[in-house]
Structures are given as C-alpha cells and as structure tokens.
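**Q** Next come the chains, spelled out residue by residue.
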Amino acid sequence: MNLTYTLHDFWRQVRAFENMFFIAILPAALFIMFGVTQGWSDESSGHGNVSAYLMVSMAAYGAVTATTSIAGSAAVERMQGWGRQLAMTPMGTGGYAATKVIVAMTVAVVPVIIVYLAGVLTNSVMDDVWRWFATAGIVIACSVVFALYGLAAGLLFRSDGAVSAATGLLVVLAFLGNVFMPLSGSLLDFARFTPLYGIVGLARYPITEGWVVSVDGAAEQDSVWMLLANVGVWAVIFAAIALFAARKATARK
Amino acid sequence: MHAVNDVNLRIERGEIVALLGPNGAGKTTLLDLALGMNDPGEGTVAVFGHSPREAVSRGLVGAVQQTGGLLADLSVRETVVMIASLYREHMPVDEALERAGAASFVKRKIAKCSGGQQQRVRFALALLPEPDLLILDEPTAGMDVQARQEFWDTMRAEAREGRTVVFATHYLQEAEDFAQRVVLLDRGAVHHDGTVDSFRSASTHQTVSFDWPRTTPLPDLPGVTHLDWKGARVTAQTHDSDQLARVLLTETPANELEISRGGLEEAFTALVNRSSEH
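Protein chains in written order, with numbering that gives the first Met the number 0: chain D, 0 to 252; chain B, 0 to 277.
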C-alpha cells in the first residue's frame with residue numbers, strides 16, 4: 000500500500016465528473032426528490048422517519064455505484080497496458096488490489112457524506128446519534144461486495160463500456176432490491192433473492208430492525224440472518240465469477 | 000509454433016544493441032522474455048545474473064514497451080509521480096522528466112499528448128529506477144522525423160552514462176545510426192548477429208557501375224543478375240564484383256568503374272528475402 004499512489008488515484012476518480020455524477024450527485028438528487036419533499040417524509044419507519052430511511056437507501060445506492068465502477072475500471076486499466084507499466088515496478092498484484100480496494104471504499108464514503116449531509120440539513124431524523132454512524136458504517140462496509148461485482152464485469156468483458164453497463168444495471172438491481180420504492184407481494188418475495196436487498200436491509204436495520212416498510216401496511220420482518228445470508232451468498236457468487244474470469248484472462252495470455 | 004526458437008544471445012554491459020526484424024519476427028516476444036512478462040517454454044533467461052522478474056523488481060531494468068499503456072485522464076507529471084512513488088529509490092521526478100525531454104509539457108493530460116510525447120513519458124517512467132539496462136520496443140513508433148531525431152539524441156546521452164541499451168526497431172536507419180551491434184531476427188530465429196559493418200558485408204549483393212560508349216553494344220557480362228543502362232552509365236548487380244570488374248577493365252572499353260556494397264537497406268531486404276526462400 001502506497002500513500003502517494005493511492006491519493007493520486009483517489010483524486011483522479013473524484014475529479015472525473017461523469018463518475019461522480021452517478022456516484023454522488025444522482026443519489027443526493029433522488030434522496031431530495033423522494034425523501035425530503037414528499038408527504039410521507041416525516042412518518043416513522045421505526046427508530047427514524049421515512050426521510051432517514053430513504054437517506055440510507057440512496058447512500059447505499061451511491062456507495063455500490065462507486066465500488067462497482069472503480070473495481071471494474073481497475074480490472075480494465077490493468078489489462079490495457081497500465082498493468083505492464085506497473086509490472087516494471089516493485090508493486091505486485093496484491094499491492095495493486097489493496098490500493099484499489101482502499102480507493103473504492105474511500106470514494107464510497109463520498110456519496111454517504113453528501114447524502115447524509117443532505118439528510119441532516121433537511122428533515123431526516125433518527126432516535127439516537129449512533130444509528131447515524133451505524134447505518135453509514137454498514138453501507139460502506141457492505142459496498143465492498145459490489146467491488147467484486149464490478150471486478151467480475153471488468154474481467155469478463157474487458158472494456159470500459161461493460162463496466163458502465165454493469166454500473167447502469169445497478170439502477171435495475173436497486174429497484175428489484177427494494178432500495179428505491181417499497182415493494183410488496185410477490186415482487187417483494189422475489190426482491191429478497193436479489194443482490195442489493197441484503198445490503199440495504201442491513202444498512203437500514205438500525206432504523207427498521209428488519210421491519211419492511213410497505214405501502215399497503217402489511218407487517219413483515221426480515222431476520223438479520225436472512226439479510227446476512229443474502230449478502231454472503233452474493234459475495235460468493237460475484238467472487239466466483241471474478242475468479243473464473245481472472246483465470247480465463249491469464250489463460251488467454 | 001514458437002514465436003522465438005533457439006535464440007542464444009549474450010549482451011555485455013554498455014552495449015547498444017538493435018533488434019531488427021520485420022513485423023512478426025519475434026522482437027516483442029524476445030523482449031518480453033527479458034522483462035519477465037513471459038516465461039520461456041524451454042531454456043533460461045538471465046538479466047545481470049538474476050531472473051528477469053528479480054532484475055526488474057530490483058530496478059535494474061527500465062523499459063519502454065510497445066503496449067505499455069498510460070492512463071488518459073492523468074497529467075504527465077501525475078503519471079510520473081505515481082509510478083515513482085512505487086520505487087523505494089528513484090531518480091527525482093523532475094530530473095526524469097527533464098532527461099526524457101518531457102519537462103515542457105508536464106501539466107498536459109496524457110489524452111492530449113501526441114504519440115511522440117507519450118513515448119517521452121514512457122521513457123521518463125523507464126528512467127525512474129536509474130536502470131543499468133534500458134529495453135525499448137519500437138521507441139520511436141508514431142514520432143515524426145524531428146521527434147525521432149531528438150529522441151535518439153536523448154538516448155545517446157543515456158548510453159554515454161554507461162547504460163546498456165537494447166532496442167527493437169524495423170527502421171534500418173535507426174539501427175545503423177545508433178547501434179554498435181545488430182541482431183537480425185526473422186521468424187523467431189537469429190539470422191545475423193554482429194556489427195553494423197559485418198551486417199552490411201554479409202550481403203552478397205554488390206553494384207558495379209561504369210561509363211560505356213553509347214554506340215557500342217554491351218557484350219555478355221559474367222555473373223550479372225540485373226542490368227540498368229541510363230545514358231552513358233551502366234549499373235550492374237552481381238554476386239561477384241571482382242570477376243566482373245576484372246573482365247570490364249581488361250576486355251572492354253568500360254571506364255570510371257565504381258563498386259559498392261549496397262546499403263543496409265539492400266542487405267536487410269536480401270537477408271530477409273533469402274531466408275524466406277528456404
């Protein structure tokens with residue numbers, strides 16, 4: 000791990016406007032549209048109001064967008080010649096991976112800070128201060144799973160276009176994962192098997208204690224174990240695909 | 000099918016060696032072996048007595064690689080600073096930029112640099128560990144004539160510092176102007192290994208030209224493969240210039256005789272053509 004290299008790489012990611020638009024600005028805008036200015040904002044969602052619930056959701060969406068795009072582009076840039084420059088230095092694959100994970104996690108903090116700041120300045124309320132930090136911490140920690148997802152996409156398709164597509168697909172996964180608007184019925188049953196459901200469910204847990212916010216008022220509660228299982232299983236799936244793609248990439252060389 | 004096969008080369012410290020050959024001759028593959036980017040299926044590669052990877056990680060080797068990519072959204076200076084930070088010991092960034100001739104555009108984004116400027120940035124990166132051996136794979140690809148000239152001036156200065164330089168090229172002129180030793184590679188095998196002069200004389204193509212009276216028909220001349228008669232001057236290609244000259248001077252009215260070995264260009268073409276006949 001090298002501080003100068005990591006800081007330069009971090010700054011390079013943050014100053015790319017087209018990156019940061021989807022990572023930070025879009026989630027903040029979505030939060031203000033759906034979380035702040037709607038009639039349901041001040042209603043309770045457990046240990047906080049609906050505004051806080053949506054704040055956590057949008058921060059999670061921004062954070063996974065960050066880890067997906069940075070891990071994905073890392074795979075692509077390494078295969079496209081920059082890897083050969085690095086191969087001439089003492090930095091090995093492990094050092095490169097560690098650097099990228101830290102950059103991805105640090106960039107994932109940006110949307111959390113921006114969306115939470117928007118929440119603090121408007122009408123997000125939680126019962127205790129620790130719940131703010133707990134939800135933010137879970138969002139950032141869990142977003143690592145999507146670094147594997149981005150990595151798999153980058154290694155499999157080896158192009159920036161594929162990484163953008165994988166990042167774009169997150170919008171769909173977010174809808175299916177009960178991130179944006181509350182699902183119900185069979186759609187909610189299906190949502191529990193999609194990869195963003197577990198992450199966002201865990202992140203909201205300090206507010207909801209697993210109770211699912213629903214439009215029709217039906218009371219359902221997810222156990223923390225079910226949410227952890229969702230995150231764990233998808234982490235394994237993404238890791239397996241990334242490993243398979245990495246093996247294939249080296250074999251071709 | 001092997002990209003390179005049965006290649007035995009020993010390069011001494013301080014040598015400047017050109018690896019010459021047509022596209023697909025195996026130049027890049029050979030350099031990749033020396034850089035540890037590829038492992039040989041059989042045989043060994045040693046760089047200063049170490050394995051290639053060990054030599055590279057000790058900073059003994061710097062390389063300008065044909066396929067070495069740069070990150071388009073970084074500036075020139077950022078690129079060099081980032082790579083420099085990975086070495087425990089390295090040349091000061093400003094010095095590397097200066098020596099590579101990149102000091103005048105350090106703030107420019109890589110994406111906005113010309114091909115020649117990007118090559119200079121790659122060269123600055125190669126200089127960072129102050130390597131004893133510089134490996135350059137077609138370093139002047141994409142440069143115009145002036146940029147190429149300037150680049151080789153820079154390289155001469157580095158060579159004077161006692162660095163060993165091995166470069167691949169398909170420009171004959173570069174090999175002739177810059178290298179002390181030329182290794183001609185063709186379809187994965189060493190075709191010729193020696194000084195530029197020995198390379199030139201390995202060519203059996205010779206040219207004999209002479210003045211000839213317009214009104215007299217040319218007799219049959221021995222060993223001539225190609226004849227060109229322009230005005231008063233006749234130019235003949237042969238494999239045996241001695242025999243032809245002897246006949247011309249003793250038995251014919253030819254005068255103003257001139258014998259030349261043919262340029263490196265002809266030698267190169269002849270060698271490569273001969274190998275493709277086999």
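The hints are simulated quantities; they were obtained by calculation from the structure and are not laboratory data.
Be a bit skeptical, because a hint or two may be false.
Selected chain D positions facing chain B (in silico; Cβ < 10 Å) [stated by the list, open to error]: (1) S44; (2) G45; (3) G136.
So the derived list for chain B, only partly shown, Cβ under 10 Å to chain D, looks like this [unchecked claim]: (4) A2; (5) G68; (6) M81; (7) L85; (8) Y86; (9) H238.
Note that CB positions come from ideal geometry on N, CA and C, so glycine has one too.
**Q** Okay, which hints does this one fail, numbers in order?
**A** 1, 2, 3, 4 and 9
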